[in-house]
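Participant: Going down the list, the protein sequences come from chains A and B.
Each step along the first sequence adds one to the number in the working numbering, with nothing skipped, and position 261 is 261.
Each step along the second sequence adds one to the number in the working numbering, with nothing skipped, and position 357 is 766.
Note that these hints are calculated values from the structure, not bench results.
Mixed in with the good hints, there may be bad ones.
[Stated by the list, open to error] Straight-line alpha carbon distances no greater than 27 Å define the calculated DSS-like cross-link-like pairs of lysine-lysine that follow:
(1) A:386 with A:343
(2) B:778 with B:752
(3) B:795 with A:57
(4) B:752 with A:343
(5) B:626 with B:418
(6) B:752 with B:626
(7) B:684 with B:795
(8) B:466 with A:386
(9) A:91 with B:752
(10) B:752 with A:57
(11) B:418 with B:795
(12) B:418 with B:466
(13) A:369 with A:275
(14) A:131 with A:91
(15) A:33 with A:9
(16) A:275 with A:343
(17) B:778 with A:343
There are 2 protein chains.
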Amino acid sequence: MPRSVRFRKMEGGVTAAGGFSAAGVACGIKTRKNTRDLALLLSDRPCSVAGVFTTIKAPAASVLWNRAVVGSGAARAVVVNSGNANACTGKRGEQDTAAMAIAAAGELGLDPGQVCVASTGVIGHPLPMDKVVAGVIEAAERLSPEDAAGAAFVDATMTTDTVRKTMAVRTVIGRRLVTVGGCVKGAGMISPQVATMLCFLTTDAAISPATLRRALKAAADASFNCITVDGDMSTNDTVLVLANGAAGNRRITRSGPAFEQFARALEFVCVHLAKRVVRDGEGATKFVEVRVRGARTDRDARTVARGIANSPLVKCAIHGGDPNWGRIVCRAAGCGAAFDPAKTRLRIGGVLAYARGVPAHTPLSQLQKVMQRQDVDLDIDLGLGKGRATMWTCDLSREYVTINADYHT
Amino acid sequence: MPRSVRFRKMEGGVTAAGGFSAAGVACGIKTRKNTRDLALLLSDRPCSVAGVFTTIKAPAASVLWNRAVVGSGAARAVVVNSGNANACTGKRGEQDTAAMAIAAAGELGLDPGQVCVASTGVIGHPLPMDKVVAGVIEAAERLSPEDAAGAAFVDATMTTDTVRKTMAVRTVIGRRLVTVGGCVKGAGMISPQVATMLCFLTTDAAISPATLRRALKAAADASFNCITVDGDMSTNDTVLVLANGAAGNRRITRSGPAFEQFARALEFVCVHLAKRVVRDGEGATKFVEVRVRGARTDRDARTVARGIANSPLVKCAIHGGDPNWGRIVCRAAGCGAAFDPAKTRLRIGGVLAYARGVPAHTPLSQLQKVMQRQDVDLDIDLGLGKGRATMWTCDLSREYVTINADYHT
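Please model the entire structure based on the sequences and the hints provided.
Facilitator: In structure tokens:
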């Protein structure tokens with residue numbers, strides 16, 4: 001994507017695009033009282049739908065359900081609960097997911113096959129369906145296109161997230177104003193293997209399901225597949241996009257300027273949301289960009305970038321603001337990709353730390369300064385080819401351990 | 410190895426076997442005053458030598474040197490420094506390693522090619538060679554076969570280790586009493602890819618270099634290659650064994666009862682030392698055994714065992730004593746090996762937590778009890794085949810982060 005493309009950023013998330021309304025309510029799944037845990041999204045007309053999901057071999061019931069909905073290419077609504085992932089729950093879990101869709105469809109006057117379902121929270125416990133159904137009824141009553149309703153929606157999807165992560169942009173496609181917006185939840189169990197966490201995107205663009213799928217796949221590869229907090233993939237990872245055509249543009253059905261413009265807007269929103277996930281990573285105090293260049297292949301570059309981004313030793317050094325570049329080079333050398341120390345260069349925050357097998361003649365104080373920034377930039381050139389990859393991650397703090405050791409099943 | 414084989418455990422480490430003497434002195438490489446940082450080991454006669462080393466693509470100068478010594482099959486001495494890994498130090502690092510061997514050879518009246526070298530500590534700084542040479546001279550004067558000298562040796566190899574890890578056993582081979590002993594250092598940057606950390610083994614058995622190599626390879630596969638603290642492989646990982654024949658047994662040169670007995674003793678010592686490394690893992694408060702059975706292949710079993718053992722989420726849950734079995738199943742499902750939730754069973758401390766796609770009907774209190782033990786036992790049966798693997802690891806604590814965030818380069 002050329003860097004010069006600009007979009008008009010807007011307030012709001014899932015309700016920024018025309019024709020979408022949302023709600024978020026507290027129905028008692030989460031133990032803390034009056035905490036929102038049930039979210040509902042509705043389009044006032046039929047939508048093209050596309051999704052990318054966890055590649056894990058034990059996906060949650062909701063992922064199986066959504067694959068079927070997305071397969072049909074059409075949807076109207078999304079119902080989400082937090083506080084319980086409805087994963088590793090067997091047949092009963094599948095029945096409960098279907099019941100969530102049926103309850104929402106009943107309230108909204110839709111066919112259950114038009115309703116996507118997502119769940120997040122603790123694994124291995126059955127959903128309290130009486131609470132879920134009561135929540136769906138209340139949420140359906142509160143649906144609204146206002147920004148505040150979009151905010152309530154995202155709040156009701158959050159677990160260990162500490163900030164609300166939404167984004168929307170506006171652009172012109174075929175002389176029509178088109179909006180792409182969305183929200184994301186996720187802070188732990190974030191790994192780069194596929195669309196991580198729950199992300200809901202809406203647009204009023206008119207676009208066919210197949211074309212929407214292509215745009216989403218490209219956007220997810222450039223965003224959610226480039227982030228990692230702890231290298232763990234979830235059972236529930238879901239990215240959904242609903243396109244309802246309310247903008248009135250000529251329906252996008254193939255490649256061309258209109259598709260390019262839409263795909264860029266979607267990628268822009270996805271990259272923004274993906275980076276927000278890392279910044280809100282469990283216990284994170286810093287944002288880290290790992291850029292690998294000069295790898296023998298793109299695949300090698302990705303292996304090295306992911307290896308560095310997932311190294312507890314590297315992440316702890318970044319947390320401590322310690323320019324321990326030896327750990328970074330060591331991880332690059334140890335992760336299986338082609339590597340030659342004599343050809344490798346490492347820059348931290350633009351400052352040369354290591355080149356051609358030996359430390360650079362950079363004063364330690366200068367390296368300390370760039371390592372102590374809140375945004376740390378690691379650029380490693382392997383000097384072997386044209387392979388490139390970028391990963392975004394966060395540091396590893398005592399707070400991460402506290403969150404994950406004290407979390408209760 | 411049949412479980413019935415027993416060895417007589419002994420006091421001492423590298424000096425337990427006949428004909429070996431050792432020393433450990435403080436020469437000022439480590440910044441803290443009077444902390445031992447230079448170790449020397451000598452056999453009073455020629456030894457067969459074997460070694461296994463890091464597979465990293467940027468090995469330290471000492472690893473390159475030792476590969477050459479081990480290639481010759483014969484050695485007499487080992488010189489080790491801690492406080493500086495002499496890694497990522499280019500040509501100068503190689504010259505410094507050679508100079509260490511030359512200095513030790515000069516003091517001991519040997520050829521430099523008979524001296525193994527090992528270094529551990531910070532990466533990317535040149536060795537202070539004046540201090541190293543002074544240390545070698547002092548250590549050569551202090552060489553002694555006493556247990557205390559063996560203890561001083563291991564102390565001088567330690568970095569973030571909190572306990573001295575030594576082991577020795579005695580057994581009878583060909584009607585001669587044979588001793589196998591050794592020590593290990595290592596607490597962080599421990600990964601299972603190959604012989605991790607520094608381990609020095611000595612034996613008075615008479616055995617040919619090729620046969621010794623075979624025994625060491627098998628012992629390392631069953632021990633050091635089964636442990637992980639943080640999934641990071643080091644630039645300096647080294648396991649060396651010196652066999653000087655002082656026991657007077659008929660030289661072991663091929664398979665047979667004598668070889669089997671020796672190999673078992675060596676494996677017994679290696680497994681003991683490997684587990685000690687994990688127990689002394691950086692910040693570790695718990696010891697974890699991960700056993701995977703029923704995998705489609707041994708390789709799949711190893712992937713799953715390693716995936717679980719390296720998962721920050723699983724390790725934090727164990728730290729907190731929280732029976733969050735969902736994280737364990739999730740990691741097993743997400744690491745790329747063949748997996749079917751409906752065929753999987755997970756036992757924690759012998760108690761069934763998950764079977765056939767759903768939580769077991771085990772009271773939470775019972776699972777909490779086994780998860781809160783100091784030694785946590787995870788047994789996962791994938792129900793797909795005969796593949797097996799075991800990994801040993803530790804929990805992930807706030808202390809781990811403190812150690813690695815505050816460590817200074």
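Participant: Look at each hint and say if it fits the structure.
Facilitator: Comparing the hints with the structure gives:
no. : hint             : in the structure
1   : A:386 with A:343 : 14 Å, holds
2   : B:778 with B:752 : 26 Å, holds
3   : B:795 with A:57  : 19 Å, holds
4   : B:752 with A:343 : 48 Å, violated
5   : B:626 with B:418 : 22 Å, holds
6   : B:752 with B:626 : 34 Å, violated
7   : B:684 with B:795 : 25 Å, holds
8   : B:466 with A:386 : 19 Å, holds
9   : A:91 with B:752  : 14 Å, holds
10  : B:752 with A:57  : 12 Å, holds
11  : B:418 with B:795 : 34 Å, violated
12  : B:418 with B:466 : 38 Å, violated
13  : A:369 with A:275 : 23 Å, holds
14  : A:131 with A:91  : 20 Å, holds
15  : A:33 with A:9    : 35 Å, violated
16  : A:275 with A:343 : 31 Å, violated
17  : B:778 with A:343 : 53 Å, violated
Consistency with the previously given hints fails for numbers 4, 6, 11, 12, 15, 16 and 17, ordered from lowest to highest.
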